[in-house]
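**Q** Now for the letters of each chain:
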Amino acid sequence: MKSKHLVFAAFAFAFACTLAVTAQESATTQTEQSKVCIRKQPAQKQEQGEHVFQQHCSRCHTAPDGFSPRIAGTVVLHMRVRASLSQHEEEMLLRFFNP
Amino acid sequence: MGSSTFASMLELTFDHSPRVTAPIRRLLLFFSVFATALCGIAQDTPLISGGVGFFTQTNAGRTTYYPTIEPLLAAPIGPHILVESRASLFEFFTPNGGNDPGYNHSHFIGLTYLQGDVIASRHATLVVGDYLIPFNTYNDRLAPIWISNFQDGPLIANLNFTSTGSGLGGMLRGNAIQRDKYSIDFSSYYSIRSANSQFGASRGTGGRANLYLPERRLELGFSFNRLLQATHENFYGAHAWWEPRDTAFRLRSEFSRGKHAQGYWVEADYRTRAFGGLDSAVGRIEPVFRIQQTFRRDMLASDGLPSVNTQRADFGLDYNLPHNARIITSYARRFSSAGNQNVWETAIVYRFLFPAWKGK
Numbered sequence: 246m247k248s249k250h251l252v253f254a255a256f257a258f259a260f261a262c263t264l265a266v267t268a269q270e271s272a273t274t275q276t277e278q279s280k281v282c283i284r285k286q287p288a289q290k291q292e293q294g295e296h297v298f299q300q301h302c303s304r305c306h307t308a309p310d311g312f313s314p315r316i317a318g319t320v321v322l323h324m325r326v327r328a329s330l331s332q333h334e335e336e337m338l339l340r341f342f343n344p
Numbered sequence: 007m008g009s010s011t012f013a014s015m016l017e018l019t020f021d022h023s024p025r026v027t028a029p030i031r032r033l034l035l036f037f038s039v040f041a042t043a044l045c046g047i048a049q050d051t052p053l054i055s056g057g058v059g060f061f062t063q064t065n066a067g068r069t070t071y072y073p074t075i076e077p078l079l080a081a082p083i084g085p086h087i088l089v090e091s092r093a094s095l096f097e098f099f100t101p102n103g104g105n106d107p108g109y110n111h112s113h114f115i116g117l118t119y120l121q122g123d124v125i126a127s128r129h130a131t132l133v134v135g136d137y138l139i140p141f142n143t144y145n146d147r148l149a150p151i152w153i154s155n156f157q158d159g160p161l162i163a164n165l166n167f168t169s170t171g172s173g174l175g176g177m178l179r180g181n182a183i184q185r186d187k188y189s190i191d192f193s194s195y196y197s198i199r200s201a202n203s204q205f206g207a208s209r210g211t212g213g214r215a216n217l218y219l220p221e222r223r224l225e226l227g228f229s230f231n232r233l234l235q236a237t238h239e240n241f242y243g244a245h246a247w248w249e250p251r252d253t254a255f256r257l258r259s260e261f262s263r264g265k266h267a268q269g270y271w272v273e274a275d276y277r278t279r280a281f282g283g284l285d286s287a288v289g290r291i292e293p294v295f296r297i298q299q300t301f302r303r304d305m306l307a308s309d310g311l312p313s314v315n316t317q318r319a320d321f322g323l324d325y326n327l328p329h330n331a332r333i334i335t336s337y338a339r340r341f342s343s344a345g346n347q348n349v350w351e352t353a354i355v356y357r358f359l360f361p362a363w364k365g366k
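Residue numbers (the working numbering), protein chains in the order written: chain A, 246 to 344; chain B, 7 to 366.
None of these hints come from the bench; they were simulated from the model.
Keep in mind that this is a model prediction, so the values were computed, not measured.
Honestly, I wouldn't trust all of these hints.
As the list claims (entries may be wrong) - Okay, the calculated bits of chain A under chain B, using three or more residues with CB under 8 Å as the criterion: (1) 298 to 308; (2) 320 to 326; (3) 329 to 336.
Every residue gets a Cβ at the ideal spot worked out from N, C-alpha and C, and that includes glycine.
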């Protein structure tokens, strides 16, 4: 019985991921122009936020190629916890993602 | 689960049959309902991130294959609360051995962590739930498959007061001091004992403090934890990271000491900008090297380190493909009185990051 639950849970998760990927592909097509592209931001305007990104986020991992602006706030909040950012750094990072 | 290497995950696979218990099902239901309720908030849409990869490991002529997915869900509730969870799902295909040419397979599904984060002040965050133990750096910073330079975690990642790498209870973490020339961040936690198959934890307490010097790109940290059950052992850790400015060179190192064993690792990786930048065909090549040693202080092996003194050297060559994909290859030679071993590893890993649902 437990293995049935396990298999069901695995299939449900795989199905959910498939739906999410499909949704992402569709959303990507629609919002391609507005996608957050970290490396293409004007450096002067985003200098402080870029420093936060380089000094805290990039210490552990490389930057993603880009992501939907709809999750920019969630990404920053997640990084605030993971990288122990202060509120000020969180605000600068959000500004960097959304100039 | 957080700091476990794939080898220890394999043991878990065989020792404990994975179960989706009633509390887990209720939690998953809670997540679904709660995430649905948040639909439509600009920039704060819950996200799904993580890595998916296909790994191979050849050890003593036997090749093991393990496709793996590590999804992470992060869902904010307003501006000050975040619920996040990471799971690990993988299937092992291992050769039968002997004269049997076939393969056996087993799977593992488990939550790595499930925690709620409350932004308590400008400099502190309260974490409750099942969280990754912030002991040194590997467990909570480098373990995800899309971050690691090598497939295998360092040997001393298993030298911790809990074999699961996670604690169940509360943690206070944040940025204590933020100046232009330095910053100090901290984590302190208390974990209760739990025998739950998904939220296993030991009773213990500890913390970590990091000093970061941005001009020198140098990070120094100290970790401590104490097991508060059975033998009440102390564990100490220290780490140093250095990433020189305007280079893509990184040097990372850790040292851990427990009551019965100790060890260290040093890892260096480099990407050159000399041939058209990091995104050029040459700039995407990333040679990696890691040396590690473990030393047993006595024969009372109550931790996850090898039972005899061990040295291991890893030579890796990674390639950072466009679109968040990465090829990871390495050769390692392990030396110990129990026998020397060659370990060949290859993998391709893709990092994904997208909203949890389609938006307007």
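**Q** Decide, hint by hint, whether the structure agrees.
**A** Structure-based check of all given hints:
1. 298 to 308: The restraint on the stretch 298 to 308 of chain A holds, since 5 of its residues have a Cβ under 8 Å from chain B and three suffice.
2. 320 to 326: That given contact holds, which follows from 5 residues of the stretch 320 to 326 of chain A lying within Cβ reach (below 8 Å) of chain B.
3. 329 to 336: It holds: at least three residues are needed, and the stretch 329 to 336 of chain A offers 6 whose Cβ sits within less than 8 Å of chain B.
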